[in-house]
Structure formats: C-alpha cells, structure tokens
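Trainee: Letter by letter, the chains look like this.
Protein chains: 4
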Amino acid sequence: MRAKWTDLAMEARGSVPVSDVRLKSGIERTVVRIEDEQTARELGRPQGTYVTLSCPQTMTIELSMREALSRELAQAIRQMLPEHARTVLVTGLGNRSVTPDALGPRTVERVLVTRHMDGCLPDDVSARMASVCAAAPGVLGVTGLETAEVLRGMAEHVQPDAVIAVDALAARSSARICSTIQIADTGISPGSGVGNHQKALTRETLGAPVIAVGVPMVVYASTIASDAMSDMIREDGGTEADEEKVAACVERVVSERLGDLIVTPREVDALVERMAGILAEGINLALHPGLSREEIEQLMAT
Amino acid sequence: MRAKWTDLAMEARGSVPVSDVRLKSGIERTVVRIEDEQTARELGRPQGTYVTLSCPQTMTIELSMREALSRELAQAIRQMLPEHARTVLVTGLGNRSVTPDALGPRTVERVLVTRHMDGCLPDDVSARMASVCAAAPGVLGVTGLETAEVLRGMAEHVQPDAVIAVDALAARSSARICSTIQIADTGISPGSGVGNHQKALTRETLGAPVIAVGVPMVVYASTIASDAMSDMIREDGGTEADEEKVAACVERVVSERLGDLIVTPREVDALVERMAGILAEGINLALHPGLSREEIEQLMAT
Amino acid sequence: MRAKWTDLAMEARGSVPVSDVRLKSGIERTVVRIEDEQTARELGRPQGTYVTLSCPQTMTIELSMREALSRELAQAIRQMLPEHARTVLVTGLGNRSVTPDALGPRTVERVLVTRHMDGCLPDDVSARMASVCAAAPGVLGVTGLETAEVLRGMAEHVQPDAVIAVDALAARSSARICSTIQIADTGISPGSGVGNHQKALTRETLGAPVIAVGVPMVVYASTIASDAMSDMIREDGGTEADEEKVAACVERVVSERLGDLIVTPREVDALVERMAGILAEGINLALHPGLSREEIEQLMAT
Amino acid sequence: MRAKWTDLAMEARGSVPVSDVRLKSGIERTVVRIEDEQTARELGRPQGTYVTLSCPQTMTIELSMREALSRELAQAIRQMLPEHARTVLVTGLGNRSVTPDALGPRTVERVLVTRHMDGCLPDDVSARMASVCAAAPGVLGVTGLETAEVLRGMAEHVQPDAVIAVDALAARSSARICSTIQIADTGISPGSGVGNHQKALTRETLGAPVIAVGVPMVVYASTIASDAMSDMIREDGGTEADEEKVAACVERVVSERLGDLIVTPREVDALVERMAGILAEGINLALHPGLSREEIEQLMAT
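Going down the list, the sequences are from chains A, B, C and D. FYI, the numbering for the first sequence is 0 to 301, going by numbering that gives the first Met the number 0. FYI, the numbering for the second sequence is 0 to 301, going by numbering that gives the first Met the number 0. FYI, the numbering for the third sequence is 0 to 301, going by numbering that gives the first Met the number 0. FYI, the numbering for the fourth sequence is 0 to 301, going by numbering that gives the first Met the number 0.
No wet-lab data here; the hints were simulated from the structure. As the structure is a computational prediction, the values presented were derived from the model and not from experiment. All C-beta atoms, glycine included, are put in the ideal place defined by N, C-alpha and C. Hints may be right or wrong, so weigh each one.
Claimed, not checked - List of simulated lysine-lysine pairs, DSS-like, C-alpha gap at most 27 Å:
#  : chain 1 : residue 1 : chain 2 : residue 2
1  : B       : LYS244    : A       : LYS244
2  : D       : LYS198    : C       : LYS3
3  : D       : LYS244    : D       : LYS3
4  : C       : LYS244    : D       : LYS244
5  : C       : LYS23     : C       : LYS198
6  : B       : LYS198    : B       : LYS3
7  : A       : LYS198    : A       : LYS23
8  : D       : LYS3      : C       : LYS244
9  : A       : LYS244    : B       : LYS3
10 : D       : LYS3      : D       : LYS198
11 : A       : LYS3      : B       : LYS3
12 : C       : LYS3      : D       : LYS244
13 : C       : LYS198    : C       : LYS3
14 : A       : LYS3      : A       : LYS244
15 : B       : LYS198    : B       : LYS23
16 : A       : LYS3      : B       : LYS244
What the hints assert, rightly or not - Covered stretches of chain B (chain C as the covering partner; in silico rule of three or more C-beta atoms under 8 Å from a C-beta of chain C):
#  : segment
17 : 6-15
18 : 109-115
Construct the entire structure; sequences and hints are all you get.
Mentor: If you want it as structure tokens, here you go:
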C-alpha cells in the first residue's frame with residue numbers, strides 16, 4: 000500500500016524552510032534544501048538541493064508557458080552542472096511500455112545527441128556544443144538488469160562529467176500532475192516509488208554528479224482515497240485520522256491484485272508527449288548554451 | 000464530476016433480480032434483465048439483457064482461464080446474434096491514442112476479417128465462415144465526426160445482419176477492472192461515461208441489432224474517493240453519507256483541470272493487450288462457428 | 000509485376016506540355032494539364048490539373064524549406080478548393096501499419112479538426128476557421144470495407160463542400176522520393192498502384208470535388224531493376240530494350256513471393272513523419288486562411 | 000554504394016564447401032565452416048561456423064513451419080552454447096525506429112527474462128531455467144554510444160557464460176528475405192553492413208562467446224539493380240560485367256541522397272513481427288531446455 004507517498008520534496012518537506020519566488024512568466028520556483036542527516040532521515044530522502052518549478056495545470060499549454068518552463072529548467076540544470084562539464088550522459092529511467100512511466104525514455108529520444116560526432120564537426124560549431132550521449136536502460140522486470148548496473152557500465156566507458164537522469168514521479172496531490180518539474184542534485188533511486196529497492200544512481204555509484212529531473216505523472220489511488228478520508232475527518236472537526244481505520248477502508252476500495260492502482264488524467268499519453276518535449280528542450284538548452292533554440296531545432300530535424 | 004458512475008449493469012442493478020451461475024471453469028455468469036421502462040429509467044440504461052462474465056483478478060492470467068473466457072464470450076454473443084446472421088460489422092469504439100480507451104480499436108485489429116474474400120474462397124471453406132468487416136471509427140474530438148454518423152454510413156452500404164460494438168468501460172469497483180466482460184443486446188452510447196451525449200448505436204440508428212461487448216479498464220478517481228468516504232461513514236455507524244460534504248472533499252483531492260482523472264492498474268498497457276486478445280478470440284469463435292481455434296489462428300497468421 | 004509504374008503525372012506525361020516555374024524558395028512548380036479524353040487514356044489517368052512541387056532531396060530538411068513547401072502546398076490546394084468552401088473532409092488513405100503507406104493516416108492525425116466545435120466558438124474565431132473533419136478509413140484487406148464505401152457513407156452525412164485525400168505514392172525515379180508533392184483536382188483511386196481495382200474517389204462517387212495530395216515514398220523494385228537495365232542498353236548504343244528479356248531478368252532478381260518488393264530509404268519511418276508534418280501544415284493553412292501558423296500551432300497544442 | 004553486399008555466409012561462400020541437409024520439416028540446413036585465415040580474408044568475415052536454416056518464402060507461414068523453425072533454431076543455438084551455460088545475455092542490435100532494423104529489439108522484447116528472479120523461485124522450477132537478461136542497446140547515431148561500449152559494460156557486471164546477439168541482415172538475393180535464419184559462433188560487427196566500422200562483439204571484447212542470430216530483412220537497391228544488369232549481360236552471352244559501367248548505371252537509378260536505398264517487402268512491418276516471434280521462441284527453447292513450449296508461453300503471459 001503506497002498511501003501518502005510522494006516523490007516531491009516540496010510535498011514532503013515538513014518543517015524545512017523553503018525559498019519561494021514567483022517569476023514574471025507565472026512560474027513559481029521553490030527551493031528546498033535538506034542540509035543535515037537528521038532532516039534527510041525524517042523526510043526519507045537524501046541531503047541536497049531540490050528545485051521545483053510550478054505552473055498552472057491546464058488542458059492546453061500556452062506556447063509561451065512552454066518556452067518559459069524549458070528556459071527555467073535549463074537554468075536550474077546549469078546551476079547544478081559542474082563548471083566546464085563537457086561530456087554528459089542523459090538517461091531516461093522507467094518502462095517505455097507503461098504510459099505514464101515512459102516520460103524518461105520519451106525524453107531521451109528528443110535529446111540532441113552529439114558524442115558520436117566528436118571530431119567530425121567544424122571547430123567553431125563543436126566549441127559551442129557539449130558531448131552528449133543518451134540511453135534508456137529499461138527496467139529490471141523487463142531486462143533482468145538493475146538500472147544502476149547498466150548505467151555504471153556505461154559511465155565507466157564514457158567517463159561523463161555529469162549524469163542527468165529523467166524519471167516520472169508520483170505526487171501526493173493530483174494538482175501537481177504535469178504542472179511541476181523537480182530538479183535535484185541528489186541523484187535518484189530508480190523504482191523507489193515502486194518499492195523495488197535498487198541501487199541508487201549517485202556520484203558514488205556512477206562516478207559523476209547525478210542531476211535528477213522529474214515530473215509527477217501519477218498519484219497512487221490509495222493516496223487519493225486516504226486523503227479524501229482525512230479531509231473529511233478534518234471537515235467534521237476530527238483532529239487526527241485513525242490510521243488503521245483509514246487503511247482498512249482504502250484496502251476495500253483499492254484492489255491491488257493487478258499491481259499498483261494509479262490515478263492519472265485520461266489524456267496521459269498526450270501529456271507524456273507534452274512533458275517529454277519540455278524536458279528535452281530544457282536539457283538541450285542547458286547542455287549547449289552556445290546554441291539557440293532554432294539551431295537546436297534544426298539539428299534535431301529529419 | 001463522475002462520482003459513482005458505472006457502465007456495468009450488474010453494479011447498477013439496484014433491486015433488479017439477477018441469475019447467477021458459477022461455471023466449472025471458475026467463471027461466474029450473471030444475467031441482468033431490464034424488462035420495463037420504469038426500471039430502465041431508474042437504472043439509467045436501456046431495456047434488454049446484460050450478461051456478465053467474471054473471473055478472478057490476477058496479475059498473470061492462466062492460459063486455461065483465457066480460453067474459458069473466450070469460449071463463454073463466444074457463446075454469449077451467439078445467443079444474441081440473429082439466426083442465420085451472415086454479414087457482421089465489428090466496430091471498436093474509443094480513442095486508439097488513450098491507453099485504456101484503446102481496447103476497442105485494439106480488439107478489431109485482431110478480428111478475422113473476411114468480407115473482402117466473399118466469392119474468392121472455395122465453397123467448403125466459405126460455408127463455414129461469416130462475412131465479417133471491422134472498423135474503428137475514432138472519437139468525435141479527433142475526427143470531428145460522431146461515431147453514429149460514421150457507422151450509419153457504413154451500415155447503409157454493408158447492410159449487416161448484426162453489429163458488434165466493443166468498448167472500454169468504467170466500473171464502480173476497482174475489483175472489476177479486467178476481471179469482467181459485459182455483453183448486452185441493447186446497443187451502446189459512445190462516450191456516455193464521458194458525458195458526451197452522442198447518438199446511441201442501436202437497431203434504430205444502424206438498422207441492425209447491436210451487441211455491445213465491454214470490459215472495465217478504469218474507475219473514476221472521484222468514485223474511488225467518494226466510495227472510500229462512504230465506506231468510512233458506514234464504518235463509523237453513520238447511515239447516510241452527506242452527499243454535498245462528500246462532493247466537496249472529492250473536489251479538493253481530485254483535480255480535474257487536466258480532464259477526467261481515472262484510476263487504472265499501472266500495467267494497463269499490457270492489460271489492454273490481454274483483454275483485446277480475449278475479446279477478439281471470443282468474437283472470432285462466435286462469428287465462425289464452423290472454424291476451430293487452430294484454423295482461425297492460421298487464418299490470422301502473417 | 001509493377002515495372003515502370005508511377006503515380007506522378009509529371010513522370011508519365013509523355014508529350015503533354017508542362018508549365019514549369021522555379022520559385023524563389025528553390026521549389027520548382029510544374030503543372031501538367033490533361034485536357035482531353037485521348038490523352039487521359041494514353042497516360043492512364045483522369046483529365047484534370049496536376050501540380051507538382053519539387054525540392055532538393057536532402058537527409059535533413061532546412062526549416063525554411065519546410066515552411067516554403069507547406070506554404071506552396073496551401074496555395075495549390077486553395078486554388079483547387081471551391082470558393083466559399085466551409086465544410087471539408089480530409090481523409091488519409093493507406094494502411095497505418097505499413098510504414099511508407101502510413102503517410103495518409105499520419106497526416107490526418109495532425110490536421111486541425113474543428114467540425115465538432117461548430118457552434119461552440121466565439122463568432123470572431125469561428126469566422127476565421129473552416130469546419131474540418133478528418134478520418135483514416137483503413138484499407139480493404141484490413142477492414143473488409145472498400146475505402147469508397149466508407150467515405151461515401153461519411154460524405155452523405157457530412158455533406159462536405161470538398162474532400163482532400165492524402166495518399167503515399169509510388170514514383171518511377173528514386174530521386175522523387177520525399178522530394179515531390181503532387182496535388183491534383185482529379186480525385187484518386189485508392190490502391191491503384193497496388194493493382195486493387197477499387198471504386199475511385201471522385202466528385203461522382205462522393206458528391207463533392209476531391210483534391211488528391213500525395214508524396215512518393217517508394218519505387219517498385221521491379222522498376223529500379225528494369226530502369227537500370229534500360230539505362231545500360233542505351234549506354235551500349237542499343238535503341239530499344241527487349242521488353243520480354245528485361246521482364247525475365249527482373250523476375251529472377253525480384254522475388255514477389257512476399258508481395259510487392261519496394262525500394263525505400265532506410266530511414267523511411269522518420270521521412271514519413273517529416274512529410275506528414277509538412278502536408279498537415281499545408282492543409283491547415285489552406286483550410287483556415289484566417290489563422291496564422293502560430294495560431295494553428297497553439298490550437299493543435301496539448 | 001553497397002552493391003553486392005551480403006551478410007549471409009552461404010551467399011558469400013565462394014568455393015568453400017558446405018554441408019547441406021533437407022530436414023523432414025522441409026527446412027534446409029546448410030553449414031559453412033571458415034577454417035583458416037586466408038578463407039576468412041577472402042570472404043571478408045571471421046573464422047567460425049555459420050549455420051543457415053532456409054524455408055519456403057511464403058506470404059502466410061504455416062504454424063507447423065513456424066514451430067519447426069524455432070525448434071531447429073533452438074538446436075543450432077544449443078550446439079554453440081558452452082556446456083552448463085547458466086547466465087546468458089541476449090541482446091537485440093539495431094534501431095527500434097527503423098522498421099526492418101527493429102528485428103533485434105522486437106525479438107528481445109519477447110525473450111523470457113529470468114535473471115531478476117534468481118533466488119525467488121522454488122528450486123525445482125529454477126533448476127530447469129537459465130538466468131537470462133536481455134537488452135537492446137540502441138544504435139550509435141541515436142545514443143551517441145557504441146554498441147560494444149554499452150554491452151561491454153553490461154557484460155562486466157553480469158559476467159554471462161554466453162551472449163546471443165540478434166540482428167537484421169542484408170542479403171544478396173531477395174529470395175532470402177524472411178526465409179533464412181543464420182546462426183554463427185563468430186560474434187558480430189554491429190552496423191557492418193551499414194559501413195560504420197564499430198568494435199565487433201566477440202569473445203575478446205565481451206569476455207564470453209557470442210552467438211549471432213540474424214534474418215535477412217532487406218537487399219540493397221544497388222544490389223538488385225546491378226544483379227539485374229549482370230543477369231542480362233550473361234543472358235546476352237557476355238562473360239563478365241563491366242564493373243564500372245554497371246556502377247555508373249546503378250548510380251543513375253539509385254538515389255542515395257536520403258541515405259541507403261533498400262528493397263523490402265511492402266509488408267515488412269508484419270514480417271518483422273513474424274520473424275521476431277520465431278527467433279524469440281527459438282531462443283527461449285534453447286536457453287530453458289527444462290521447460291516446454293506451453294510452460295514458456297504461460298511464463299510470458301500477462
């Protein structure tokens with residue numbers, strides 16, 4: 000039962016102070032810093048900086064908001080990248096065949112890959128571009144391989160200056176779905192939300208700093224159900240939900256015999272494409288600061 | 000707000016008596032008959048016979064259960080087909096690009112289509128086969144065409160003896176997802192669960208009896224949340240949920256700014272394939288009673 | 000054996016005079032007019048006007064060329080549309096599951112569909128937009144339904160002022176693949192290149208003028224082989240290829256036991272996406288002359 | 000220009016003697032052994048054993064032929080596997096987004112993966128199963144990573160007893176497409192047919208024997224054209240084709256400005272599925288000799 004799970008630090012932050020800025024574009028940028036081990040243990044996530052970009056949750060996204068999101072994402076990534084990072088491995092976690100989970104693989108398909116052109120480009124072009132490689136290693140249940148095993152092997156050969164890992168997240172609140180991007184300098188534990196305890200992707204395991212980029216695509220059904228009940232109890236003047244009673248009710252309405260029950264927008268296929276496009280644009284702008292949006296678009300054209 | 004909606008007659012049946020049989024295969028067959036107009040109005044669905052096949056909800060389906068389901072489905076369809084039906088139009092409703100909604104289109108892809116071979120096959124083969132055509136007309140929001148408009152045009156040219164319409168359903172209970180097949184001789188209203196009031200597909204609109212075949216792939220998130228609350232109220236000895244209060248709580252946890260929020264198993268892509276395979280097998284067996292399972296498989300081979 | 004087949008009037012034109020203009024954008028516009036019945040019979044295609052837009056054949060298309068192509072396509076379509084056409088049915092012919100054949104279905108997915116919003120939009124917006132519906136009816140071998148049967152049914156209900164039919168073509172020369180767009184006011188015979196003699200889509204069958212838009216995606220392997228041989232014979236000073244001898248050689252190297260052997264670029268999947276994008280942009284600009292490219296992009300956004 | 004290229008040793012074998020057996024099932028098994036370095040140089044491929052299974056080239060495959068092919072493939076693989084091989088890495092080479100090239104990735108999707116269940120299964124089951132992991136590493140142009148780099152990293156962590164590498168091949172003759180399976184104990188050079196000289200996948204680079212399994216899905220258009228011309232010259236009593244003249248004619252009819260022009264059956268999408276199914280069945284039977292076809296099917300069920 001995954002009641003009340005969230006992958007967003009800003010939802011889990013408890014009493015940790017945050018800095019919160021509303022930008023001109025209408026995006027809100029929130030920064031949570033987990034700075035000591037005790038806080039990390041309390042919040043169940045590693046020490047580091049978690050930046051969240053939030054925008055209004057809308058059926059159709061304005062093209063200007065789309066551009067603002069990718070620009071802010073690029074800036075957040077650049078602040079976490081080591082100076083003079085030249086070789087970067089971008090990896091899309093998750094299962095390509097599970098729609099909301101496909102965000103990572105769908106993003107890396109749109110990342111501008113350049114490492115195979117090292118040495119083939121004119122110097123003036125190549126000076127403005129990073130050396131980028133990209134891979135979606137698939138998930139343990141499909142490949143029989145732990146994500147960290149696969150990526151460690153790649154990292155040993157590529158020796159990247161940084162790794163960017165893109166993953167779909169689970170939020171606590173359905174208002175966060177597709178309206179929030181989290182960028183963290185902490186690395187990432189693949190499948191952590193799914194309860195598969197795999198090796199984390201961190202500087203320790205991959206030999207380079209790991210920047211995690213994620214977007215909530217789902218809320219667990221058990222979270223929705225138990226939050227509705229807690230809300231009602233508060234409404235009735237109750238102070239504290241009876242955890243056990245809530246859990247028993249959740250179990251009756253949430254059948255998990257087919258695995259996790261998740262809550263998504265019906266249009267999640269189209270929303271995955273939207274968000275994959277925005278993430279890839281942001282990553283491309285971050286990694287190739289010498290290229291304009293138009294130059295990147297032309298290089299991606301077929 | 001789609002709280003408490005169900006496309007399953009057996010969940011909505013109120014006090015209508017049902018016949019209920021557990022078959023040797025472990026499948027439960029339930030028959031709900033709505034026989035007068037008042038009951039129809041009370042239950043919000045047309046008069047007719049609704050057969051439901053239920054099996055255990057399991058991560059991996061036993062091949063023997065799969066065969067039993069398609070065999071029982073074939074029998075239920077055959078009992079609703081007009082005698083000597085020779086020409087049948089099978090149609091898959093729903094949006095191919097929305098995963099749980101793709102059940103209909105994915106099913107028709109696996110239906111054995113034979114109408115274009117009329118007159119080309121040896122007599123002894125053709126005597127054992129129906130003349131079947133199949134189409135997935137898409138949804139109004141994508142094509143700008145009402146499903147009934149498209150199908151009426153087809154039916155006028157094809158003059159089928161019967162229409163079989165396959166659609167993904169919404170259930171009230173998550174325990175019904177992918178464990179239930181409903182077969183009804185009542186026709187179907189495309190998008191009725193989605194609140195788009197389009198013309199129904201019935202004998203009146205299509206000129207031939209319409210057999211509806213559906214499988215619940217989703218529960219509305221608002222249903223899960225409100226059912227959890229009602230359950231809790233009953234648990235607390237409450238008799239009746241305060242509808243308005245429940246609705247207000249649901250609205251706070253169910254953000255519908257991205258359209259309907261639905262609850263599905265995370266593995267819904269694979270489950271759609273599972274169920275599309277079972278439905279197509281059942282339809283193929285029903286329409287070509289002169290062919291064995293193996294002959295159909297060979298005719299479908301590429 | 001489909002040696003020497005072409006769907007392009009400009010390749011088949013024989014001695015028909017053409018008008019040929021090179022535009023500033025680098026696009027060449029050629030117009031072939033078949034104006035009497037005898038010429039139509041000689042060329043094996045109906046009377047009417049065939050406009051061809053040609054651009055350089057390149058691995059990566061310049062974004063400026065892409066825009067020029069869609070702009071010229073829009074203009075060519077507008078010249079063939081009846082004045083004051085308000086309701087238009089756009090249809091994508093061909094088989095979605097056969098990569099080069101999927102051009103039509105992939106194009107209609109990107110057409111801005113508006114008919115279902117008739118009456119829902121503010122007057123000032125709706126005055127600038129046509130009422131567009133779009134459908135990909137599939138192919139006879141998959142649906143058991145003739146394309147003309149399906150479209151006639153739709154046209155009877157929609158009563159369009161014009162039909163635009165998009166299809167993948169076969170060229171005579173591999174240099175034409177993805178570098179040529181043909182627009183004709185003659186209607187189209189689905190599967191004509193494939194040798195399935197189905198009813199044509201014309202003003203007679205659909206009750207509205209039919210504008211055919213196509214792009215060569217393949218050359219038949221038998222064409223490539225026999226053209227190579229004819230070329231060699233000419234090179235050797237031979238005047239006329241011995242048709243029978245050539246056909247016998249072709250048969251030895253072109254195995255048609257798996258159906259038509261076709262010649263395509265290896266990257267045909269990506270090229271189908273490129274061309275579907277260009278065609279849809281051109282169609283959208285033609286049908287909604289009151290909207291800018293940016294407004295259309297925003298209306299298509301998800 | 001890739002005229003006359005073939006990935007099949009039996010087409011390139013020159014004067015190397017072969018053993019050739021027609022099996023009861025109608026399959027022909029041919030074995031080519033390249034046993035010394037000079038022959039290897041002459042044929043442009045490494046020393047080792049190349050087994051070819053050939054069956055009739057048919058639009059629809061008989062289910063009995065399908066089973067015979069997978070059974071023979073399983074046997075050929077088993078004869079090349081090291082005794083007591085327990086851990087096997089299956090890898091699908093090629094680009095998932097290029098239809099004929101997707102054979103490898105589509106095959107590994109259907110391989111029964113078991114490594115992640117090591118230690119979780121009852122002893123009696125696990126004794127009958129190998130420990131299998133599977134991955135499709137993508138291609139250099141998409142990932143920026145050499146296939147050998149990625150696989151070497153995986154192999155270092157997994158330490159497999161053998162690697163099975165599945166790839167789509169180019170044949171010399173169109174009669175070989177989808178009617179031939181080649182199994183070789185020599186390893187494989189990814190993209191060798193494509194002219195990208197990447198590191199080979201061999202015992203030396205991966206630390207375990209590499210069994211290559213491939214099926215011809217294409218012939219190069221330049222091969223078809225030049226073979227037609229050579230055939231005609233022979234027909235005319237010519238002894239030797241004038242290489243240069245042939246190449247010039249090929250260049251005129253084969254436009255390579257969009258990359259390689261390839262010859263495939265129009266139905267190649269469906270044929271890739273057919274062959275991926277047969278290869279995966281053969282690999283599954285080879286790796287889990289303790290399991291029946293039915294047990295494997297049940298373990299793959301969803």
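Trainee: So, for every hint listed, does it hold in this structure?
Mentor: Quick rundown of the hints versus the structure:
{"no.": "1", "hint": "LYS244(B) <-> LYS244(A)", "in the structure": "holds, 20 Å"}
{"no.": "2", "hint": "LYS198(D) <-> LYS3(C)", "in the structure": "violated, 42 Å"}
{"no.": "3", "hint": "LYS244(D) <-> LYS3(D)", "in the structure": "holds, 15 Å"}
{"no.": "4", "hint": "LYS244(C) <-> LYS244(D)", "in the structure": "holds, 20 Å"}
{"no.": "5", "hint": "LYS23(C) <-> LYS198(C)", "in the structure": "violated, 40 Å"}
{"no.": "6", "hint": "LYS198(B) <-> LYS3(B)", "in the structure": "holds, 23 Å"}
{"no.": "7", "hint": "LYS198(A) <-> LYS23(A)", "in the structure": "violated, 40 Å"}
{"no.": "8", "hint": "LYS3(D) <-> LYS244(C)", "in the structure": "holds, 22 Å"}
{"no.": "9", "hint": "LYS244(A) <-> LYS3(B)", "in the structure": "holds, 22 Å"}
{"no.": "10", "hint": "LYS3(D) <-> LYS198(D)", "in the structure": "holds, 23 Å"}
{"no.": "11", "hint": "LYS3(A) <-> LYS3(B)", "in the structure": "holds, 23 Å"}
{"no.": "12", "hint": "LYS3(C) <-> LYS244(D)", "in the structure": "holds, 22 Å"}
{"no.": "13", "hint": "LYS198(C) <-> LYS3(C)", "in the structure": "holds, 23 Å"}
{"no.": "14", "hint": "LYS3(A) <-> LYS244(A)", "in the structure": "holds, 15 Å"}
{"no.": "15", "hint": "LYS198(B) <-> LYS23(B)", "in the structure": "violated, 40 Å"}
{"no.": "16", "hint": "LYS3(A) <-> LYS244(B)", "in the structure": "holds, 22 Å"}
{"no.": "17", "hint": "6-15", "in the structure": "violated (count 0)"}
{"no.": "18", "hint": "109-115", "in the structure": "holds (count 4)"}
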